[in-house]
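Chains Z and E, in that order, are what the protein sequence lines are. FYI, the numbering for the first sequence is 492 to 1019, going by this note's numbering. FYI, the numbering for the second sequence is 5 to 115, going by this note's numbering.
Calculated cross-link-like contacts (lysine to any residue; reagent style SDA-like; alpha-carbon spacing at most 20 Å):
hint	chain 1	residue 1	chain 2	residue 2
1	E	LYS45	Z	GLU569
2	Z	LYS523	E	LEU56
3	Z	LYS575	E	GLU8
4	Z	LYS905	Z	LYS977
5	E	LYS61	Z	GLY527
6	E	LYS16	E	LEU56
Part of the chain E face toward chain Z, derived, beta carbon under 8 Å:
hint	residue
7	VAL49
8	GLU50
9	GLY51
10	THR52
11	PRO55
12	THR58
No wet-lab data here; the hints were simulated from the structure. Glycine residues also receive a C-beta, built at the ideal position from the N, C-alpha and C atoms.
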Amino acid sequence: MKKTLNINIGNSIIHIEEDACELLNSYLIEVKQHFGKSADDFEIVSDIENRIAEMFTEMLHTQQKQVIELADVQVVIELMGSVKDFEEESDDEPSAGYTNAGYAGFGERKIYRDTEEAMVAGVCSGLSHYLRMDVSILRVLAVLSVLLGGSGLIAYLILWVSIPKAYTRSERMAMKGEAVNLQGFKRNFEEELSNLKENFRSAGDQMRPFVKHSGSFIAEFIEVLGAFMQGAGKTIFKFIAIIIMISGSLMMVSALIVLAALLGLWDSGTSGIFPLNIVDEAYFTTFVIAVFIVVAIPLLSLILLSVRVAFNSRSVNRMFSYALLLIWLCGLAVGIFYVAKITTEFKEDAEFTQNIPIKSFPVYTLSLDRSRFFSKDDSLRYQLNSAEYTGKIIQTDDRGPFNQPRNVTVRIEKSDDSSPSLTESYSAKGINFETALYHAKNIHYDFMQQDSLLKFGPELHLMKNVNWRDQQIELVLKVPVGAVLKIDRDLDRYLQGYSLWDCGDDHSGDAPYEGVMTEEGLKCKFDQ
Amino acid sequence: MIAENTQTQMRKGILEYCVLLIISRGEIYASDIIAELKSAKLLVVEGTLYPLLTRLKNNGLLSYNWVESTSGPPRKYYTLTPDGVSILSQLDGTWQELSFAITQSKASKNN
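All chains should be built: construct the whole structure from the sequences, respecting the hints.
The following block contains the structure:
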């Protein structure tokens, strides 16, 4: 396959192959240079062009073909004669001197970017032709200047934009300082042909300037960027791919460990941790496997892709990919089904309240008590001998596994009558009211009064095997007007609608808050 | 070098004379002139003819008409101007003299 051009020569439209066109063009340039000095140059050249057009038309007609080839142009030039032949016939005209001067002028080098020998955009190789320097020296200088402050990068970009690319053969010859005349052209062309024969694989490269004829700087920039990615960038890509591969594999391993833990391969007790305790025990395994599939298969494809990039290996079997996709979709469907199912279990609310009478004291101390009574349930959970521990107090400083979102709120209000009280409101959700109420009733919360000391538990506890269904407790402490409250600052985050930190001129921390119940509600003692 | 130069000079003069002779036979197209010259083994390449025709035309010896062609663009058909005819007759005379001179020179040398 060859690219053809349409040319208008002597008012005829001729289809001509690209190499043939270049030869013809350089011939005509030479003819124009030869006759350029005389006043009739236009007429002579147009006569010659007309005649060439006529010859082409005849050739196309007699040989029954569509396109003028290189051989045809060579025949025509043979018939018309070269500039040398013209000189012989007309040496009384001062053309000889002129043409020699013209050749010298055209023999001078012009600066072009050499995209055929380019690393990036051919700026360095173009400069090397122009300056007659070794290109590797220029490249080393360019890289150094880029590394030392990056000024070279700007210079490179400016040169890239400002220096034209050597598109045509004549431009390439001017770049290399070869005379742009028919002899030089022929030599250049024959050299190229022999190179082509020697190394047939370079044919693609030889064609590159023809292919690249059109396109703006932006298009060229993108193309060069692409080539750079393929070349030097390939190593960077591979590096990234290997990193993705390693980290992906690690994530895969940890996903497998998590899966094993969740499925209870060993007694890790993970199913009690929020948010896993949302999922009902009955379908916990199915749900976890579905989620694992949804997560692991994209991870696996990512790893396979990066392996492919890093080691240029073949792509995975198409059947295998489809199977993976199918499994992933199944996993997704199951996952969505259970998410929807779980969502319905939050449909209904239930709440019940109970009142706890509080003994009257003029001053109360409110504190957060992390110690808790060990119930029978707890001893089962911690696999302790229940006979030994039940009813005893254990101190836990750490908050233990985070198994629920915040679920305890405390409000302090003015008592309507003169007696203090504590109202506990338990609430939970369920698929219907009965289930919701059952969940609410299964809440265990530690509150204790020791004389004037009121101890609040930091969180509520669920019975074993009870799922999280947004169980909450709201504690409303009602104290009569005039009662003094000393509140542990740890309780601040449980208090609703009141901040302990707004009170006190010393924010030095641990000193307990002190406030008095007034008609308008709780007031800081400093505000009195 | 001198031999080459002389040859060129001779060919140049005779080429012009021949072109005028061919055109004098009637209106003629450039490529037909070339065909004629080729059959007379005078012209090597076509490109030489066009500057010559242009020069003769500029000196007022020739004129041309554009004639529509069946295949391709219109063609230039050359004819002799009255000036051209008179110069051709002068050249005829010159050629007779030259021919005589050459025959004479060769004959006297051979004798």
